[in-house]
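Chemist: So the chains spell out like this:
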Amino acid sequence: MASTYNDKDRFTLITPPGGWVSVDFKELKMYRDLFYFLVARDIKVLYAQTIMGFAWAVLNPLVQIIIFSIIFGKVAKLPTDGIPYVLFSTVAIIPWTYMSDAMAASSQSLVGGQGMLGKVYFPRIIFPLTPVLAKLVDFSISLLLLTGVLVYYRIEPTLNLVYFPFLVLLMMSIPAGIGMWLSALAIRFRDVKFTMPFIIRMLIYSAPILYTASSIPDQYRLLYSLNPIVAVVEGYRACILGTPMPWEFILPGTVVAALLLFSGAMYFRRMEYVFVDVI
Amino acid sequence: MSDLAIKVNDVYKLYRLGIKQQASENLSSALASFIKSPIKNYRKYRSLYRFDDVIGPSDSVNYESLNILTALSGVSFEVNRGEVVGIIGTNGAGKSTLLKILSRITPPTQGTVEIHGRVSSLLEVGTGFHPELTGRENVYLNGTILGMRKREIDRKFDEIVDFSGVEKFLDTPVKRYSSGMRVRLAFAVAAHLEPEILIIDEVLAVGDAEFQKKCLSKMQDVGKEGRTVLFVSHNMPAVTRLCPRVILLGSGKILRDGPVDEVVSAYLHAGRGTTALREWTDLSEAPGNDIVRLRAVRVREEDGTVKEGIDIRKAVGLEMEFEVLQGGTEMMPYFTLFNEEGTTVFSTIDQCGEWKKRMRPEGVYTSTAWIPGNLLTEGTYYVRATMKTLERKKRHFNEPEVVAFNIMDTVDGDSARGDWVGRMAGVIRPLLNWETSYEPRAQKSMIAGG
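First to last, the sequence lines map onto chains A and B. Position 153 of the first sequence, counted from 1, bears residue number 153 in the numbering used here, the numbering being contiguous throughout. Position 367 of the second sequence, counted from 1, bears residue number 367 in the numbering used here, the numbering being contiguous throughout.
None of these hints come from the bench; they were simulated from the model. Worth double-checking, as some hints may not be accurate.
[Stated by the list, open to error] A few chain B positions that, by computed beta-carbon distances, are all more than 12 angstroms from chain A: (1) ILE35; (2) PHE51; (3) ASN91; (4) ASP201; (5) GLU391.
[To be verified] Label-pair distances were calculated between CB atoms; the ranges are: (6) THR344(B) x LYS193(A): 47 to 53 angstroms; (7) LEU170(B) x PHE54(A): 47 to 53 angstroms; (8) GLU114(B) x LYS29(A): 45 to 51 angstroms; (9) LEU170(B) x GLU248(A): 41 to 47 angstroms; (10) ARG151(B) x ILE71(A): 34 to 40 angstroms; (11) ASP419(B) x SER22(A): 39 to 45 angstroms; (12) GLY115(A) x GLY422(B): 41 to 47 angstroms; (13) SER22(A) x LYS175(B): 58 to 64 angstroms; (14) SER22(A) x GLY74(B): 30 to 36 angstroms.
[What the hints assert, rightly or not] Where chain A lies over chain B, by a calculated footprint (3+ residues, C-beta under 8 angstroms): (15) 108-115; (16) 128-137; (17) 288-295; (18) 347-355.
Virtual Cβ for every residue (Gly too), placed ideally from N, Cα, C.
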């Protein structure tokens, strides 16, 4: 489906699907207002008719941190390279909560939006990308919790904070890439819905969220570093706590995340034409 | 810049029908099929959109045996800028599929479509409305979903709210709205789209008469502004009023494409095969007996042309041509008119003085009954032609549904409907003389005061 745009005389050629097509950024730009309102919708609707409202964005990770700190910090006494367990897990759970929430929402975005899918055209790729942006609001709010913990432990900011924006982008690329893959699969095979809970449960153990990366044996380090979630979690830890940046995780993780993002977009674009016919 | 707005080139759309499950006969085969079913299911869901095996240069593929439905097969047409085109057809003719392809919701299996200009398609009103969002938020969300930009909505916001009449509830979540309010708000957004090409499905089917009227007049405005409109509908009076050109689809193909009166009549009579003209060339096969035989029945407009689509303001002539083979009997030509519902509208007997109570000599006669203009309502009529005698039970021929015609109102303002475009009830629609007497209010109160 090739198309060129010009505000005055727009030409669209509709052709049968086939082959690989790249993302039409020009078209996406035209629909940026829609993108904005869909993100706004997700944000407004999420805590509609709740008593706690946006406090849930803090309560959710807080409860997890308390549980993990008791079980893994106090009872199991996992080593944390000398960092207090609460601090150690807070830094990791906040980005993890974002990534798992965004991934789950993104993978179900097409199935959830099928009513619209059959009635109106707009770039389909907006569906899986909307939660990736919308969940950033929760993430930003939960940074308040992080700040509180940092103040409590008297952690002072270091120069490593300059990497923070980069880490946010890296963190967003993971649910975006996986979301594009899984949402395109989920609309055809509803099995995805049933596998999501245990994928997420397994992923939390695949990254150093509850334990330290240094506890991974050396021979598995390279394999381990291919997981981009490792890069995000270890990156945030170093960035916020001021420990040396773990480039040995960040570099391979970034490459894998970029591949995930690219392949997800390609797969999504290849499949998007069949979505309506297989609902 | 060419005048072309839409060009559809040989478009096909295939769908796979459900693949039948095989029932297991015993426990072990049930178990085996349970284990094998994931692979089978995978193949099944994968095959839903793949047609590589059946699309080829040959036309010899038997789609039916492959469980494939051809929703569209080889549709081609062009629409110029500023044209308002209606698309009609029975259920399953492919109208909705065509619309979905034109609005880029689903791709064609084969063939291409060229579209010049900004398109808005309205396959439903209120797409994407979220119950938890307020009216205001939904206006923006729905507007951008339909392809508007934020600043465009900003500009038209007051107008949209005005049109919807829900300004008091703008900051209330839509879930608290009545369904009527929701539809009004949704339509208000849709009505303010300003695309170059507008594609509309039967959205007019929703809502009350008042609302439909608003929709129709809004659509007429859109047409008058020189925009291209594609309008799919079952509502023949609406199509007749709005679209000068109509495309008739049938089992995925274009059956007719032309001026509205021709195509709408063709569609209405397609089911029964009745037209405005019926002639018998071989007299021995014509209805009748040895005394008299029917030669032809025709429907004429007041200028004398044989026509199926007749302007509501014009007189309609029902003409019966018969040949008396054996003179010396009295004849009473007799027509009965039925509407689409099968209701008898009226029957009429030739009261022409010349031949009343008179034995007719041999020869060819043509009798015409004139129905005045501005009497029948819009719709399709079927005519029964009978030749009666004075003996109550005896008749020479009696042909039901021998011809049919279609009364159409183009709403030029001088028919019985005037400028009203909504529904008008009734079996007939005479143009009556109205009188109004008037007393100015001030005078009345003076009398009351004095």
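Chemist: Hint by hint, say whether it matches the structure.
Modeler: So, going through the hints one by one against the coordinates:
1. Non-interface call for ILE35(B) relative to chain A: holds, since the shortest CB-CB distance, roughly 16 angstroms, exceeds 12 angstroms.
2. Not every CB of chain A lies more than 12 angstroms from the CB of PHE51(B), the least distance being 9 angstroms, so the non-interface label is violated.
3. At roughly 18 angstroms, the least C-beta separation between ASN91(B) and chain A is larger than 12 angstroms, which holds for a residue marked as non-interface.
4. Taking the minimum C-beta to C-beta distance to chain A, about 9 angstroms, the non-interface status of ASP201(B) is violated against the 12 angstroms cut.
5. No Cβ of chain A comes within 12 angstroms of the Cβ of GLU391(B); the nearest lies about 64 angstroms off, and the non-interface call holds.
6. Our hint of 47 to 53 angstroms for THR344(B) and LYS193(A) is violated, since their Cβ atoms are close to 59 angstroms apart.
7. For the hinted restraint 47 to 53 angstroms between LEU170(B) and PHE54(A), the CB-CB distance of approximately 24 angstroms leaves it violated.
8. At about 23 angstroms, the beta-carbon gap between GLU114(B) and LYS29(A) misses the expected band of 45 to 51 angstroms.
9. Evaluation of the 41 to 47 angstroms hint for LEU170(B) and GLU248(A) yields a failure: the beta carbon distance comes to about 56 angstroms.
10. Evaluation of the 34 to 40 angstroms hint for ARG151(B) and ILE71(A) yields a failure: the beta carbon distance comes to about 53 angstroms.
11. Between ASP419(B) and SER22(A) the Cβ separation comes to about 53 angstroms, which falls outside the hinted range of 39 to 45 angstroms.
12. Taking the beta carbon of each, GLY115(A) and GLY422(B) are about 30 angstroms apart, not inside 41 to 47 angstroms as hinted.
13. Under the hint 58 to 64 angstroms, the C-beta atoms of SER22(A) and LYS175(B), about 40 angstroms apart, miss the expected range.
14. Checked against the given bound of 30 to 36 angstroms, the beta carbons of SER22(A) and GLY74(B), roughly 31 angstroms apart, stay inside it.
15. Coverage of the segment 108-115 of chain B by chain A holds in this model, with 8 residues showing a Cβ closer than 8 angstroms to a Cβ of that chain against a need of three.
16. Requiring three or more residues with a Cβ within less than 8 angstroms of a Cβ of chain A, the coverage given for the segment 128-137 of chain B holds, as 5 such residues are present.
17. Interface restraint, the segment 288-295 of chain B with chain A: violated (0 residues with C-beta to C-beta distance below 8 angstroms; minimum three).
18. Chain A is given as covering the segment 347-355 of chain B, and this is violated because 0 residues of the stretch bring a CB closer than 8 angstroms to a CB of that chain, at least three being needed.
Violated hints, listed in ascending order, are 2, 4, 6, 7, 8, 9, 10, 11, 12, 13, 17 and 18; each of the other numbered hints is respected by the structure.
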